[in-house]
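Between the sequences and the hints, there should be enough to build the whole structure, so can you do that?
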Amino acid sequence: MFSYAKGKRKLLFCTDSEGNQNLHILVQQALNENVPFEFHILQEESDEEIVNQWFVKQKMGTYLYISGTFDFVKRIQGVAMKAGFSQHDMQSQAIGPVSKKLVCCTCHGKNEVSNQSYIVCGHCGQELEMSDHYSSRLDAFLGYITIK
Amino acid sequence: MHKKSTHEVRVKSIIKETATIKRFTLQALNGSKLPAFSGGSHITAYLPKASGTLERSYSIFNLSEPGLLEIAVRLAEPSTGGSEYWHHHVSEGDIVKVSYPKNHFPLSFQAKHHVFYAAGIGITPFLSMMSDLSENNQSFELHYAAKSKQQCAFRDFLNETYPGKCHFYFSEGENRQRLSAELLMEHQIGTHVYFCGPEKMIQEFKSAAKSYGYPAFNIHFELFAPPVKRDTVPFRITLNQSGKHLEVPAERSMLDVLRESGIDVPYSCKVGGCGTCEVKVAEGEIDHYDSFLTDEQRRSNETMLSCISRGKGNVLIDL
Numbered sequence: 001m002f003s004y005a006k007g008k009r010k011l012l013f014c015t016d017s018e019g020n021q022n023l024h025i026l027v028q029q030a031l032n033e034n035v036p037f038e039f040h041i042l043q044e045e046s047d048e049e050i051v052n053q054w055f056v057k058q059k060m061g062t063y064l065y066i067s068g069t070f071d072f073v074k075r076i077q078g079v080a081m082k083a084g085f086s087q088h089d090m091q092s093q094a095i096g097p098v099s100k101k102l103v104c105c106t107c108h109g110k111n112e113v114s115n116q117s118y119i120v121c122g123h124c125g126q127e128l129e130m131s132d133h134y135s136s137r138l139d140a141f142l143g144y145i146t147i148k
Numbered sequence: 001m002h003k004k005s006t007h008e009v010r011v012k013s014i015i016k017e018t019a020t021i022k023r024f025t026l027q028a029l030n031g032s033k034l035p036a037f038s039g040g041s042h043i044t045a046y047l048p049k050a051s052g053t054l055e056r057s058y059s060i061f062n063l064s065e066p067g068l069l070e071i072a073v074r075l076a077e078p079s080t081g082g083s084e085y086w087h088h089h090v091s092e093g094d095i096v097k098v099s100y101p102k103n104h105f106p107l108s109f110q111a112k113h114h115v116f117y118a119a120g121i122g123i124t125p126f127l128s129m130m131s132d133l134s135e136n137n138q139s140f141e142l143h144y145a146a147k148s149k150q151q152c153a154f155r156d157f158l159n160e161t162y163p164g165k166c167h168f169y170f171s172e173g174e175n176r177q178r179l180s181a182e183l184l185m186e187h188q189i190g191t192h193v194y195f196c197g198p199e200k201m202i203q204e205f206k207s208a209a210k211s212y213g214y215p216a217f218n219i220h221f222e223l224f225a226p227p228v229k230r231d232t233v234p235f236r237i238t239l240n241q242s243g244k245h246l247e248v249p250a251e252r253s254m255l256d257v258l259r260e261s262g263i264d265v266p267y268s269c270k271v272g273g274c275g276t277c278e279v280k281v282a283e284g285e286i287d288h289y290d291s292f293l294t295d296e297q298r299r300s301n302e303t304m305l306s307c308i309s310r311g312k313g314n315v316l317i318d319l
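Sequence lines, in order, name chains A and B.
If you're matching positions, the first sequence starts at 1 in our numbering and goes up one per residue.
If you're matching positions, the second sequence starts at 1 in our numbering and goes up one per residue.
If you are wondering where the hints come from, they were derived from the structure by calculation, not from laboratory data.
The reader is advised that the hints may include incorrect statements.
[To be verified] List of simulated lysine-lysine pairs, DSSO-like, C-alpha gap at most 27 Å:
1. B:K112 to A:K74
2. B:K206 to B:K102
3. A:K82 to A:K6
4. A:K10 to A:K74
5. A:K10 to B:K112
6. A:K82 to B:K210
7. B:K33 to B:K102
8. A:K6 to B:K112
9. A:K74 to A:K59
10. A:K59 to B:K200
11. B:K200 to B:K102
12. B:K210 to A:K6
13. B:K22 to B:K165
14. B:K165 to B:K112
15. A:K10 to B:K206
16. A:K6 to B:K206
17. B:K206 to A:K57
18. A:K6 to B:K200
19. A:K59 to B:K206
20. A:K82 to B:K112
21. B:K165 to A:K82
22. B:K312 to B:K244
23. B:K112 to A:K57
24. A:K59 to B:K165
25. B:K4 to B:K33
26. B:K112 to B:K206
27. B:K210 to A:K57
28. A:K57 to B:K165
29. B:K210 to A:K10
30. A:K100 to A:K82
31. A:K82 to B:K206
32. A:K59 to B:K112
33. A:K59 to B:K210
[Said to hold, decoys possible] To spell it out: a stretch of chain A is covered by chain B in this simulated footprint if at least three of its residues, at any positions, have a beta carbon under 8 Å from a beta carbon of chain B; those stretches are:
34. 6-12
35. 59-73
36. 78-90
Backbone N, C-alpha and C define an ideal beta-carbon position, used for all residues, glycine too.
Rendered as structure tokens:
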């Protein structure tokens, strides 16, 4: 769930047609607290350069919320990071199925997972537990050996 | 392999940068190269005084030839001993004992743009940081406040080496201009800011950045001295493992008392900035004076930095 980022000078809301419902409470709070914000509903295949132009002109103290399908969130996150946003300047929430990568701690092979907590590594057969240890370099989570 | 934590260096040259700031260039005794260091690093110098050895940390840089280390020392008024020693008791050719370089003030490697805010002698860590960034073609700018042009160390060097990137603010003389924390409002997303100068300036810039919504992640600072001590009072500590009681007098730190009683607590900066001397607290109230722990860690009342923070009454320590 999203949480309201207090003390920011400006909020950006970026959503696709699926995700905008999730932002209403935050928008209401921004209105109540008189915090300036921009709300953009983008098309699934929106032009990345336009989004980039929007992000790069932002100043420090701006906070970004991204809501939408997993692919949309992933794509907008990528543009935001390139523009200078870090994980400390944004929150995102994906609607519907997600697809994450899990790196096997034994063979380092990458596996695609959705919401499972356990999988069998498709490369070496090791049973793996999903961790919350995320590598931004690999864009993947670390899969630990399952201890039974 | 065990490596000695200190080594001796020779003072190769002394340059008077301003009326109160001297630059000391240090070289290895055998002519070899001194250890390499990253931007923002410092060394601790061990200065023999009649009252005992003083430990003082100085940011290091190198504006001359490779393999040398340089520090700049401003004669403090009043001096607590370190700057007086460098200015009045050190000559070219003298040998000084120093630590290996350490870095408690590193550059962010996620920043899109770095902005340095320096006041007075606070310029020194930025000399090495700007050199690193320039070498890697990374984006940066400097805002540097001094009393006057004459008292602004390295001004010509900075203007010549980093043209267009350095902004100066002089509080005395004609065209007075104050370095204002409002500049922080103008930085683009992805900027990391670095502050170095007197405690008051750092506090002002830190709180301004937070009030504009900067994440703590993007704010970096280095204190030269520990925060100005509030009225310190003695307190007692009890060591959990041995049940031993120790008194910490008003004028001593808990770190000193622990080490004197034979407990080898590691330490480094001694100004509450690095976290090396952290000890776990089992019971008791703490007055935190450090700039290292997060607000959440402070509130937990489970940990403290023994070099600077103080207890109230009796504190039970997990040692």
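Subject >> Index of numbered hints that the structure contradicts, given in increasing order >> reply: Violated hints: none at all, because every hint is consistent with the structure.
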